[in-house]
Amino acid sequence: MKANGGASAGRRFFIRCAVRASNATILVLLVSATSSLAQESHVGKLTGNAKRGRASYERYCIFCHGPYGDGRGENAPYLDPKPRDFTAATFKCRSTPSGSLPLDSDLYDTITRGIHASGMPSWKPLTRQERVDLVAYIKSFSPKFREEQPAAPIEIPPEPPTSKESVQRGAELFQSMNCWACHGKEGRGNGPSAATLTDSKGYPITPFDLTSGTRLKCGDSDRGIFRDLTTGLDGTPMPSFTDAMKPDQIWDIVHYIAALRSAAKGSTVARGGPNPN
Amino acid sequence: MKKYLPVFIVVAGFLSAGMPGSSAQNTASVSGTVKFKGIAPHPSRIDMSFDPNCAKAHATPAFTQDVVVGGGGGLENVVVYVADGLNGAPPEGDPPPAVLEQKGCVYQPRVMALQANQKLEIKNDDATSHNIHPMPVNNREWNKTQPPGVPIEESFAREEIAIPVKCNIHPWMRGYIAVFKHPFFAVTDKDGNFDLKNLPPGTYTITAWHEKLGTQSQKVTVAAGQPSKLEFTFK
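Residue numbers (our numbering), protein chains in the order written: chain U, 2 to 278; chain Z, 762 to 996.
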């Protein structure tokens, strides 16, 4: 009995140590998990909280974007374009310069608007608070949001009125800036380099058909197109033109693009159409 | 006392070796050649016809350059660097800007190396607009259009070996930028030669990286004033 008592006392001691060690591990894991869940977001007057955002994410987003936010959810193999990998912190639709993190409002706008011609729907049915909370949780997937700040948003000067001359200048810039190499001479997305394009994950990607009349991914207004040309769509072959052109020239290209889009058969996009946001 | 003198000198030598601005006698160097063994893969012709500004820059057609072997079997464009063994902070320095040129619609140099936060000047010497698009994993990804003659200045904050660079307008264009936290790196020339200078004496792992043929590492111990020789062979 004594031997048994000695052995079981040793076992009890061992079990106590193991429990304490696993408790400590759980505590460390919880602390590290909650430290990223301390991530906050600010959009307008609302403050988002990653802990609440996590609940919404696991209800609405996890099937495409995955439990680790890396874009490898269960649905991902069947989707084209692929769901965003939040761990890379590279986003298409931003108001910050190329290479910079997005603003909280950029992520909020993308969730609200959805991304046309992709599997990402508009999440307007969620409340504004839910969407702001989701922004906070999405930011928690990449340490870059803790280590860096987004750059200052780009400035969008007032749009000069369009004119035949502006559209003509835009057409000439479309040539000299080599937009046609991807978007094609007529803007139909069939340029000589179009078939070679891949996004930064290596998946084939097609340049936008500017004559199709369909919606653009990051917002449809003239201001939206100006912003896309200035910030570039990071993670895709679409570059930023901020080093290449002055704002007036970018507006000329915007007017040329608007002319292409409204000339398309059956286009529902009016010149300078309303911002669907 | 006399018999301890050599000890003092050696110790003093080691103590001063790690300090910035140490004299050449107290530093070591590793130089050598990277060779390619076997039959080099055939380069393919690049068709630049869709952009006449590119095509006319080449009197004879340009060829792909992913494996470039020189006359003596030397392998060009290999990044050779100290992967392990450096202790302490790297020597302070303000290196001049590194330069990447787009000439004849090709990146020159194809493979380059620089330090984290070192300025990189990107030049477009062609008559056509380029689109400079590095695709890092460890650094921020950006993508900019660059018309002829407009300079762009950038830098990379984190170590990464190596960042592929592409031009979406001209799909054959390919470059690589290796970013290091320390200054002990070199890119082999057309004869496969490299030279890592001003190394503090010690034991190091030297790694050779090639864009297609992979990486190889070797350990070497270097002593002050005794240049070491190293050879790598890729197949």
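Since the hints were derived computationally from the structure, they do not count as laboratory data.
Hints may contain errors.
Cross-link-like lysine-lysine pairs, in silico, DSSO-like; alpha carbons within 27 Å at most [said to hold, decoys possible]: (1) Z:K884 to U:K247; (2) U:K247 to Z:K990; (3) Z:K864 to U:K247; (4) U:K186 to Z:K880.
Tested hints:
1. Distance hint between K884 of chain Z and K247 of chain U is fulfilled; the C-alpha atoms sit about 19 Å from each other, no more than 27 Å.
2. Using a Cα cut-off of 27 Å, the hinted pair K247 of chain U and K990 of chain Z is violated, with the two alpha carbons roughly 53 Å apart.
3. Proximity of K864 of chain Z to K247 of chain U is assessed by CA-CA distance (about 25 Å); at most 27 Å being required, the pair is judged to hold.
4. Distance check on the hinted pair: K186 of chain U and K880 of chain Z sit about 36 Å apart at the alpha-carbon level, beyond 27 Å; violated.
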